[in-house]
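Take the given structure of chain U and dock chains W and D to it, following the hints.
Protein sequence lines, in the order shown, are assigned to chains U, W and D. Under my numbering, residues 1 to 292 are what the first sequence spells out, in order. Under my numbering, residues 1 to 272 are what the second sequence spells out, in order. Under my numbering, residues 1 to 354 are what the third sequence spells out, in order.
Heads up, a few of these hints could be off.
[Claimed, not checked] Derived lysine-lysine pairs resembling DSBU-like cross-links, with alpha carbons at most 35 Å apart:
| id | chain 1 | residue 1 | chain 2 | residue 2 |
| --- | --- | --- | --- | --- |
| 1 | D | K288 | D | K3 |
| 2 | D | K3 | W | K128 |
| 3 | W | K76 | D | K288 |
[Unchecked claim] Far from chain D, by Cβ distances over 10 Å, these chain U residues were calculated:
| id | residue |
| --- | --- |
| 4 | Q109 |
| 5 | L126 |
| 6 | I267 |
These aren't lab readings, by the way, just hints derived from the structure by calculation. Given the structure is predicted, the values throughout are model-derived calculations rather than measurements. Each residue gets a CB set at the ideal place from its N, CA and C atoms; glycine is no exception.
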Amino acid sequence: MPRLPRAVSLVLCAVCALAACGRFADRSTRATQHARVVSVSKQINEFLYAIGGQSDLVAVDLTSIYPPEIRTLPTVGYHRALSAEGIISMRPTLFLTDGNVGPDAVLQQLRAVGIPIEVMRPGGTLDSAEILLTNLGRYFHREQAADSVLARWKTGMSAVWADTARWNSQRRPRVLLMHFGQIINNYLAVNRGSPADQMIRWAGGENAMDSLGGMTRITPELIARAAPDVIIATEVGFDRYGDAKQFAAMPGISLTPAGRSGRIYRITEQEVMYFGPRTPATVKKIAAMLHP
Amino acid sequence: MVELRGVSYQVDRTVILHDITTRFQPNRFNVILGPNGAGKSTLLRVATGLLQPTAGDVRYGDQVVSSFSATDLARKRAVLSQHVELAFALTVEDVALMGRYPHYERVPSRRDRDIVQQALALVGMDDKRRQQYPTLSGGEQQKVQLARVLAQIWNDGDGAEHTYLFLDEPTTSLDVHYQIHLLDVARGLLHHDCTIVAILHDLNVAFQYGDVFFVMDAGRLAHVATAAAEVSRDLIERVFQVQAHRIHDPDTGDAVWRFALQSNGRRGGTGT
Amino acid sequence: MLKHLSFRQTYWLLGVLLVVAIVASAAIGAFSFTPAQMVRYLGQAAGWLPAVPGDTLGRNVLLGLRLPRVFVAGLTGAVLGVSGTLMQGLFRNPIVEPGLVGTSAGAALGAALVFVFGSGTALAFTHPLGSFAVPVAAFIVGFAATMLVHRLSTSFGKVNVFTLLLAGIAVNAVCGAGTGFLSYIARDPQARNITFWNLGTFTTADWRGVELIGVFFGLSFIWALRYGKALNALMLGENEAAYLGVNPRRLILWLLVVNTIMVAVATAMVGVIAFVGLVIPHVLRMMKSADYNFLLPASALLGAVLMEVIDIVARVIIPPAELPIGIITAVVGAPVFLGILLRQTRRGGSGFYG
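Just chain U, with the same shape it has in the complex (with noise of 0.2 Å):
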């Protein structure tokens, strides 16, 4: 990823990590269970609190924020600047995380002092986003919540195929979603082939990103090559400018399609950035955007 000047990033980790504050003091009194686990990946959290197997949490990082209640949990930080010590000051049974943990030497150091890790990668298909939530009613013995949820999930994402169909036949307009990078402070666009770029299609959308994978600096050029008919913005993003009129100004964006006619939109990070229960009704939220 491109890095800002080294004062700015520490100016943007101080404002994080001030903002943050709230949740840092607080300490939960409630996981008196043998089990205290601590999880510091988003959505295993959301998962967890899907099936309500969120009863041992007591520590969660920096960036799981959804549902609301999970914010009254203490957090360790962010998950790519973990400290070891804070992790074990949390007296865990177990260290839950999707892989994505930094820097390298805490693993090792929580696995020398004995606390067992679990590490379960969600993968990037709907396929493998069932099979975590499948493992995790498992793991944490809330089964029947499982397999309630996924049948329910199932349902949900049968329904939003059929309408796939039938908004293939008309023309799909072109969609630009626009994430907000907070460490390099700028704009980015999502690529094909994430699990965003999918549910756009789901929607009867189409990306108006031409590349594969990951996601792209936005620059006017760019918005202007795509000239996307409708504008999806993240929640941090969006709420730089505060509402879509204000949005369109950005240079580049007024010129296009979505800028003139309005059309920008805004949704959470959380609800397209990975698949999980809640994609049925964020495809329905978007085909609402796309053919309203």
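Chains W and D in isolation, oriented as in the chain U frame:
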């Protein structure tokens, strides 16, 4: 004695000193005179061993300067420069103590400290020895530098060797009081087995304090005079491109020079 | 206030402060230890006391995580303090420290090169051969960067402070761009580590790190102590120092080499930490003396103390998470830097310091 044999100094294509052979007399105040750009500073730096001549050699007594170790050389010869800038606040004592650095390894001895004390007293800066150097006036700072330099080649008369003191325009930007004080103290060293070589820009001051005069012109030694009287008016007018005019102090009989710019290169003026 | 104490008394005072800081740093954090616990754990580890099963976690955390971290922090502080002192002697200017003249940034770039092209940080930290690649690369690039700044800012033997700062900014920017580019092209795990480590951290400290930094600091420090006199003489200018028997060219070169080795090893272990080298000598000069015979040992002690305190702050401000060290040093150091700069321009005028 400082002896130069066939000394030349060249930087790239430019020759700054041309084949200079001469001797700076021991126990005498040797003065190098000459206009700007004549090579005085370069000559001094070669004589101190800071610069290596591109031809010829410099000897102190019998030994070639370049054969001395850095520490040995520092124990026998010291240089007082025009202006020493100090970025950090050291005390007067600390600065003067630096003169003894070539004489001790890690910790200064009792004797080292005594010498510094005496040197500071000699220049009249003893009572200010705890003061911060940057807070001193220009003249006071130069006195402290002189104390440092004196401490470096301090000769107690305990059978120590001959020492060498070089002064590179040490009185520039000092008022007349400091000028005289400094040169008086310097001359005092002549009684302690020392060779002094100084660059002085003020001809009258030079003639007042100097014993032997080395007149430089365009990188060459134009004339060596063993008395102020030997420096002729012709020589001064030619080398310095001025009209020179010698008058005599009615009280002491000493010669004093007055100068004016030449008009159309013609020599003029009245007097001797 | 320190002016009334002798040098030796000052060293004792700083030494006592350091011991207190070390004990405090060992005790305080997300994981807290009482003095009794610490003594017990140490006793168990040394075999003097029988091991109690309930103590295992606490003991492992104290000995495996906390203590190495405490020592790495102290040693890094000493490295940075002494480095700032050496560099200020070298450039004859108080606004100099490894973070400002490119040494740290260069070391960071060197390390990043190994991270990205040397198959990942896991290799660098655990593999025996890889563990040398990072400090060596950090040294080479850090040295080149510092030499470049030195060359650019010196003319006719004098150091122009403004050119120095500008050259430092330029070289820092180039190294930063290089590191940024490397994180851009790096695959995910490596890039993560570069970004995080650019802010300085002690969380990855282990006993191996203590040994490495300890050895290189020890050697460099012992060497540097011999040159207190020479550094003082250098304050008068290169010519004057030469007249006093010092070889300025050789001294400057060796100073640079030794200093860069120290900083490179520390930076390779803990990342980039700025401003400490600036603050420590400045405070010591203000409170006591500018004599390098004093500054060298004192800056090692005070640097260690400061770093312990900063590390404690980093750990207690947002528990159980931690603030990166670089943020705190910037918050403390930047105002000091501005203060020195203002004082210089008010007093100095031309900005030349020969």
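Now for the hints, and whether the structure bears them out:
no., hint, result
1, D:K288 with D:K3, "holds (5 Å)"
2, D:K3 with W:K128, "holds (17 Å)"
3, W:K76 with D:K288, "holds (33 Å)"
4, Q109, "violated (6 Å)"
5, L126, "holds (22 Å)"
6, I267, "holds (24 Å)"
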